[in-house]
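**Q** Can you make the complete structure from the sequences, with help from the hints?
What follows is each chain in one-letter form.
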Amino acid sequence: MKEALNIAGVLFIALTIAAGLIWVERRLLSVWQDRLGPNRVGPFGLFQVIADTIKLFFKEDWVPSFSDRPVFIMAPGILIITILLTFAVIPFGPDFIVFDSNIGILFFLGNSSLGVYSIVLGGWASNNKYSLIGAMRASAQMLTYEVFMGLSLMGVVMMADSFSFNAIVEAQKGGWFIVPQFIGFIVFFIAGLAETHRLPFDIPESEGELVAGYHSEYSGMKFGMFFVGEYLGITLISALIATLFFGGWLGPSFLPPVFWFLLKTFFFICMFILLRASLPRPRYDQLMKFGWKVLLPLSLGNILITGAVLIFFK
Amino acid sequence: MNIDKHIVITALEAEFGNQIIICNQLTADDTPTLWIGKSNLIVVLNYLKNVIAFPYKMLYDLTCLDERARTGRNGQPGSEFTVVYLLSSFERNQDIRIKVPLYINDLNLQSITSLWKSANWYEREVYDMFGVIFNGHPRLTRILMPKSWQGHPLRKDHSTRATELDPYVLTENLRAVEESDLTFNPEEYGMGRSSDDSDFMFLNLGPQHPGTHGLLRLILQLHGEDIVDVVPDIGFHHRGAEKMGERQSWHTYIPYTDRIDYLGGVMNNLAYLLSVEKLAGIEVPERANVIRIMMSELFRIASHLVWLGTFAQDLGQLSPVFYTFSDRERIFDIVGAITGARMHPSWFRIGGVAHDLPDGWDKLMQEFVSYLPKRLKEFENMIIKNAIFKARTVGIGVYTTEEAIEWGITGSGLRATGFDWDYRKKRPYSGIDQFDFDIPLGKNGDCYDRAVVRMEEMRQSLRIIQQCIDQMPAGEYKSDHPLAIPPRKDKTMTDIETLITHFVGVSWGPVIPQGEAMVPIEAAKGSNGYYLISDGSTSSYRTRIRTPSFPHMQMLPLISKGYTIPDLLAILGAMDFVLADMDR
Chain U
87 MKEALNIAGV LFIALTIAAG LIWVERRLLS VWQDRLGPNR VGPFGLFQVI ADTIKLFFKE
147 DWVPSFSDRP VFIMAPGILI ITILLTFAVI PFGPDFIVFD SNIGILFFLG NSSLGVYSIV
207 LGGWASNNKY SLIGAMRASA QMLTYEVFMG LSLMGVVMMA DSFSFNAIVE AQKGGWFIVP
267 QFIGFIVFFI AGLAETHRLP FDIPESEGEL VAGYHSEYSG MKFGMFFVGE YLGITLISAL
327 IATLFFGGWL GPSFLPPVFW FLLKTFFFIC MFILLRASLP RPRYDQLMKF GWKVLLPLSL
387 GNILITGAVL IFFK
Chain P
3 MNIDKHIVIT ALEAEFGNQI IICNQLTADD TPTLWIGKSN LIVVLNYLKN VIAFPYKMLY
63 DLTCLDERAR TGRNGQPGSE FTVVYLLSSF ERNQDIRIKV PLYINDLNLQ SITSLWKSAN
123 WYEREVYDMF GVIFNGHPRL TRILMPKSWQ GHPLRKDHST RATELDPYVL TENLRAVEES
183 DLTFNPEEYG MGRSSDDSDF MFLNLGPQHP GTHGLLRLIL QLHGEDIVDV VPDIGFHHRG
243 AEKMGERQSW HTYIPYTDRI DYLGGVMNNL AYLLSVEKLA GIEVPERANV IRIMMSELFR
303 IASHLVWLGT FAQDLGQLSP VFYTFSDRER IFDIVGAITG ARMHPSWFRI GGVAHDLPDG
363 WDKLMQEFVS YLPKRLKEFE NMIIKNAIFK ARTVGIGVYT TEEAIEWGIT GSGLRATGFD
423 WDYRKKRPYS GIDQFDFDIP LGKNGDCYDR AVVRMEEMRQ SLRIIQQCID QMPAGEYKSD
483 HPLAIPPRKD KTMTDIETLI THFVGVSWGP VIPQGEAMVP IEAAKGSNGY YLISDGSTSS
543 YRTRIRTPSF PHMQMLPLIS KGYTIPDLLA ILGAMDFVLA DMDR
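Which chain is which? The protein sequence lines are U and P, in order. With the numbering used here applied, the first sequence corresponds to residues 87 to 400, in that order. With the numbering used here applied, the second sequence corresponds to residues 3 to 586, in that order.
Calculated from the structure, these hints are not laboratory results. Only a predicted model underlies this, so the values are computations on that prediction, with no experimental measurement involved. Mixed in with the good hints, there may be bad ones.
Looking from chain U toward chain P, a few residues come up when the C-beta cut is under 7 Å (computed) [what the hints assert, rightly or not]:
| # | residue |
| --- | --- |
| 1 | D120 |
| 2 | K141 |
| 3 | E293 |
| 4 | E295 |
Glycine residues also receive a C-beta, built at the ideal position from the N, C-alpha and C atoms.
**A** So, in structure tokens, the structure goes:
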């Protein structure tokens, strides 16, 4: 019974946040861009989310005749599934977790690698040159950034002595990992941006160049799934940052742990949106260079130093 | 350099003998205008470009006129078609106009693409509009009109209005033809479909694409993401502005000019009216001149603000476009208060401006002039100094001063190469030489320098506007020359001559004296000029609009080869073109 409630709770929170982000992002961007944004439908324009969803559902769900039909239909599903699966191992509170895996981090890394297939297959199956270029960029970008996304977390794993998210949160009772693992945090944050392909790393999409990149041919709810998938991705990465570096659900006891967790997550979601509002997009090869030449050595150095310090004090 | 304008004639005669110049025509703009036989064209142009001291390095314009209906030609050779070459020398600060007479039964001529690569598109345009064949042209096809078009629109026997033609019906057949016309065959352009080790991808960018700022089609030959070659396909925005000039009266054509560079507003009026006034010999009162300069500089800022925001947008920066557009709104508020319209005020008139400045204009203007510098500072920090912005623009789309001149580049694109050339300084018009301002220069001729130059140009324009506010002279806002339209009305009720002039001017429009003139100005995108020919009637015989975006776009393949798709978007953004300015 409790497990069923947990599953329902996690799904509800994740999907509500992801859908709500449609509104949050548009409103926040408007605040930063000196304009109003959607404020007509319902109080503060909140029902915009519902209006958008209804619109997406009623749009013609067009599958291009020149596409690879089964793959084209499957691709957006893969994205949603892999992200939602990852939410299962994230502790929303001390007991509020679907599946407290002892290899939680590996589970997350594995799933995020699978998520790349969604984009590559979607771009490939569209049989459109813009989509293809987008998909090729996506695969190269994700491959690069997965490497040190994993490496950047090893410092945290060493300090907590566990791959389990709950154990990592428990290990931060003495102090958040953001202090000793600051470099790990920076690298993970950047890799997370690339993973969710958000500006400034939205190179697979880059609407000024590739129209909409890998999802140019998608319409209706299939496009909606890529759209919500992106917001789910942001929520996931923000939740992970909160869990791994900012003590997860830990916080003063006048508020329930879930609340602390959500508050921290929301803060990082806003950071994502702020970055989108402020930065231009680097070129694809510059991004790769930055990854291999700066971030990779940085995360390796971080592992080395963390390990050395841990052994020294043991 | 101070050389007598007409000394070039002596030089030409010394080189080629007395017979070389068929006729030395007098024009209102006092540009030496020489008629040359078509067999001598190449040697003469080659001499002017490569041999003569202080050569004419830039092909500023190349156009044609259908002379068959023209009256009052005053001793010019009796040609039926005349091809006109306008060359520019920066060292002399002088132009020369070469005319070649042609006849309808032998409408062909040697192409000058071997001398100027930039002649390519111009010759295609002349072929498209007049049907003149250029022998030796690498690819003489239509450029502005669709392939399936019948006839040559700028010929005098081509209909002016669609209503003179049969109703247009798009049959299935016709649609199939139109579609197949747009299919791209690399072989037609001498492009291979594959290299030694891989196939090329041909990517159709546009006519509908978020990065092209309008209806522009670019066909990219790609090797991976590297650009091997680009073929621009233009003409989707062609509206026949030059043909309309032959139908509208001199006065009623003013609103059409606003829509050429639709971001430049009244600056287009200025380019047109300077030529008209040159033809009519109208002296514009000092106050009208200062008002014109103030409004033009205001529109230069507006145009540059749009460019800045959209350029940042092209590089993926989402927010600046909202900031720059809201500042542009402030400009439009002022323009609205003064002229009653926003983007296209059509507010300048032959001989002055439409009405005097309203009370309180100086307060509005001063508020804006004091407000903007702080914002420009912000934009500079947000965009120009951003490390990613620099990484995307430094060393991208580079060309040298020589290349720029060869390809007819003017404006900020030319100054970004470090070449000090601004028509406001070099050939002052409307008394702009009375103002104190600097010409910002770049060094490397890359996208970044073009951006920096335009940023600084906005500050200099603010300086000019400030001087206009401080020293706005009293006096008339419109000349009382009889051809100034609409004529001043104060004396009409007491003076029969003035009443008649007023009546004729308002009912028919002014009759501009016979002649030819062109006055290039420094518009926001580069050098803009109207080559007007009057045969002494109420409308222009030929209106040729030389716009900067046309040659700028022609240079695109040269400066984007070897870069990647994202760089292409940066190059396009930094070019600052307007589609209507290109296709007219």
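**Q** All hints, please: hold or fail.
**A** Structure-based check of each hint:
Interface restraint check: U/D120 against chain P, minimum CB-CB distance 6 Å, threshold 7 Å, status holds. A distance limit of 7 Å between C-beta atoms decides the matter here; for U/K141 the minimum to chain P is near 21 Å, and the interface restraint is violated. Because the smallest distance between the Cβ of U/E293 and any Cβ of chain P comes to about 6 Å, under 7 Å, the interface hint for this residue holds. Because the smallest distance between the Cβ of U/E295 and any Cβ of chain P comes to about 5 Å, under 7 Å, the interface hint for this residue holds.
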